[in-house]
Amino acid sequence: MDKLLIEGGARLSGEVAISGAKNAALPILCAALLSAEPVTFTNVPRLNDIDTLLALLGQMGVRIQREADVVTLDASTLDNPVAPYEMVKTMRASILVLGPLVARCGEARVSLPGGCAIGARPVDQHIKGLQAMGAEVRVEHGYVHATVPRLKGARLFTDMVTVTGTENLMMAAALADGETVIENAAREPEVVDLANCLVAMGAQISGAGSDVIRIRGVERLHGATHRIMPDRIETGTYLCAAAVTGGSVRLTGTSSCYLDAVIDKLMDAGCEVVSERDAIRLSAPARLNAVSLRTAPYPAFPTDMQAQFMAINAVAKGVAMIRETIFENRFMHAVELQRLGADIRIDGNTAVVQGVDRLEGATVMATDLRASASLVVAGLVAEGDTTIERIYHLDRGYERLEEKLAALGAKVRRLA
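Numbering-wise (this note's numbering), the sequence shown opens with residue 224 and increments by one.
The set of hints was computed from the structure by calculation and includes no laboratory data.
Because the structure is a prediction, the values reported are computed rather than measured.
Careful: at least some of the hints might be erroneous.
List of simulated lysine-lysine pairs, DSSO-like, C-alpha gap at most 30 angstroms [as the list claims (entries may be wrong)]:
#1 K351 to K312
#2 K634 to K226
#3 K226 to K312
#4 K540 to K634
#5 K375 to K351
If you anchor each label on the Cβ, the simulated ranges turn out as follows [stated by the list, open to error]:
#6 G632 to R439: 49 to 55 angstroms
#7 Q354 to P307: 19 to 25 angstroms
#8 I569 to M490: 24 to 30 angstroms
#9 M383 to R500: 34 to 40 angstroms
Backbone N, C-alpha and C fix where the C-beta goes; we use that ideal spot for every residue, glycine too.
The whole structure should be built from the sequences, with the hints applied where relevant.
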């Protein structure tokens, strides 16, 4: 199993390009199931989760062409609306094929997904929405089985803000008969990116980015070309990596408009951040100030950046309180940061982080994707060598991580 070896102490500086957003690409690739014409996507990141999804679409009968960051999907030959457990057990986003398959084929059989061990992420809101649109849905033998002659527009209210639930129901509604209104909808930029893609394919959608989205169903969607938005979590992670090392970096192919909450906290920590049209520059002081935060749905502070900020708070001046309100089991990285010398106390959904003068390299284990990123951030500033095990998590969400960090001056390499 691959490991990542980081020799800490290098100050990051220079320029690196940000990849397309994994959390936007996954639902957008699934949107190709809605059309019998080819759909081309650009700025698609090369990640394990993308590979898994493309393999899943391929076994459904979708024709796939891939060259560099360009992927063309032709679902005209879609003939197997099934997502088997063997293919989706490592990726929760596989549930995103459910809505498009039901809308296009009138039937879908999708395994309940697996993925990161960061708490319950139920699919009941997806099922409830499809049932309100007229689908008969059964959960049996670990599979969601949905059938309907044609979905009907409906008014949907989700009991909680759910990104994948909003995306699944928005895709399903694109081909439904009549108007669908999704209330309490997720407002994340990735939801807006999916809506923009669907509109390019001929869908009629308004309100994306607000908590009420309206979709008027159409008979068919056509082919289109769509560019995936930049990855705001990758952007935030590299900003944290530069900040913790007292570095100065310029990240290209990205935008600060998706990251207001994160950038505000970095500025509170003492960093200077300058936004350009398609880039962000950050300069950090020798030592950061501790910053407290509370995760919440967009546009508040993202849960996917909580672990990285715990890492920078571990060596900041002062005490920080971190409250996690999205997932109930997302402090598993705290134990691994403690192995590096961090002073962290956990009380329910709150972590109290007392900054220490230094961290020391050690062998640590990644428990999920963003926990992996926090260990990388901590390893960059720890004295000596840090070895991170189970880095397949990193390959799910960070394209060419070692190459990009090395371009900024980090001493990092992969071990077999």
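Hint check:
no.	hint	in the structure
1	K351 to K312	holds, 22 angstroms
2	K634 to K226	holds, 14 angstroms
3	K226 to K312	holds, 23 angstroms
4	K540 to K634	holds, 25 angstroms
5	K375 to K351	holds, 14 angstroms
6	G632 to R439: 49 to 55 angstroms	holds, 52 angstroms
7	Q354 to P307: 19 to 25 angstroms	holds, 23 angstroms
8	I569 to M490: 24 to 30 angstroms	holds, 27 angstroms
9	M383 to R500: 34 to 40 angstroms	holds, 36 angstroms
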